[in-house]
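Using UniProt numbering, the first residue of the sequence shown is number 1, and each one after it goes up by one.
Rather than coming from a laboratory, the hints here were simulated on the basis of the structure. Virtual Cβ for every residue (Gly too), placed ideally from N, Cα, C. Be a bit skeptical, because a hint or two may be false.
[Claimed, not checked] No farther apart than 30 Å at their CA atoms in a straight line, the calculated lysine-lysine pairs in the DSBU-like style are these:
#: 1; residue 1: Lys109; residue 2: Lys98
#: 2; residue 1: Lys67; residue 2: Lys52
#: 3; residue 1: Lys46; residue 2: Lys67
[Unchecked claim] Ranges between beta-carbon positions, derived for each pair:
#: 4; residue 1: Ile45; residue 2: Glu112; range: 17 to 23 Å
#: 5; residue 1: Ala108; residue 2: Lys46; range: 52 to 58 Å
#: 6; residue 1: Lys46; residue 2: Glu110; range: 25 to 31 Å
#: 7; residue 1: Arg65; residue 2: Arg101; range: 44 to 50 Å
#: 8; residue 1: Pro42; residue 2: Gly69; range: 20 to 26 Å
#: 9; residue 1: Pro97; residue 2: Gly17; range: 34 to 40 Å
#: 10; residue 1: Glu41; residue 2: Thr64; range: 18 to 24 Å
#: 11; residue 1: Ala108; residue 2: Phe43; range: 47 to 53 Å
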Amino acid sequence: MVNYEPRDLDRLFTALGDPTRRAILARLEQEDSLSISALAEPFAIKLPAVMKHLDVLGDAGLITRTKSGRTVAVRLVPEPLRAATDWLARYQRFWSPKLDRLAAHAEAKEREARAAEGQGE
């Protein structure tokens with residue numbers, strides 16, 4: 001099990017909570033690294049806004065930036081997602097059996113209602 005700090009998870013889920021940041025991560029998943037300008041290209045937002053998104057992703061540990069001359073390369077760091085996956089899995093283990101029982105109960109009630117309708121005819 002991956003250890004996590006609540007603040008780290010807060011930063012991670014905050015970073016993942018924005019569609020532009022998720023799109024940035026998806027682009028980085030496809031490429032080994034991209035320059036900031038190449039990364040910003042498909043988005044209909046200004047470069048300073050992209051930089052703010054990159055700051056949030058960096059604070060969450062999801063990206064690294066490496067400067068080489070005048071170019072800054074951005075890379076995906078997937079490891080922080082393990083903590084989120086682990087955290088979600090813990091709650092899935094808790095909720096899945098309860099949701100299964102709820103579904104079974106609802107199906108039983110539906111069968112009872114259909115049977116009662118059939119007897120009332």
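With respect to the beta-carbon atoms only, verify the hint that Ile45 and Glu112 lie 17 to 23 Å apart. Cβ of Ile45 to Cβ of Glu112: about 55 Å, so the range 17 to 23 Å is violated.
Given the hint of 18 to 24 Å, is the C-beta distance from Glu41 to Thr64 inside that range or not? holds, 20 Å
Given a hinted range of 44 to 50 Å, is it respected by the beta-carbon distance of Arg65 and Arg101? Cβ of Arg65 to Cβ of Arg101: about 48 Å, so the range 44 to 50 Å holds.
Would the hint linking Lys109 and Lys98 be met if the CA-CA limit is 30 Å? holds, 17 Å
Hey, Lys46 versus Lys67, does the alpha-carbon distance stay inside 30 Å? The hint holds at about 21 Å.
How does the Cβ-Cβ distance of Ala108 and Lys46 compare with 52 to 58 Å: does it lie in that range? Given range 52 to 58 Å: holds, Cβ gap about 56 Å.
Would you say the C-beta atoms of Ala108 and Phe43 sit inside 47 to 53 Å of each other? Holds, at about 50 Å.
Between Lys46 and Glu110, is the Cβ distance one that fits in 25 to 31 Å? For Lys46 and Glu110 the Cβ distance comes to about 53 Å; the hint is violated.
Regarding Pro97 and Gly17, is the given constraint of 34 to 40 Å on their beta-carbon distance met? Between Pro97 and Gly17, where Cβ atoms are some 28 Å apart, the hint is violated.
When you check the alpha-carbon spacing of Lys67 and Lys52, does it fall within 30 Å? With Cα atoms ~17 Å apart, Lys67 and Lys52 stay inside 30 Å; holds.
Could you see if the CB distance from Pro42 to Gly69 stays within 20 to 26 Å? At roughly 24 Å between Cβ atoms, Gly69 and Pro42 fall inside 20 to 26 Å, so the hint holds.
The structure does not agree with the numbered hints 4, 6 and 9 stated previously, though it agrees with the rest.
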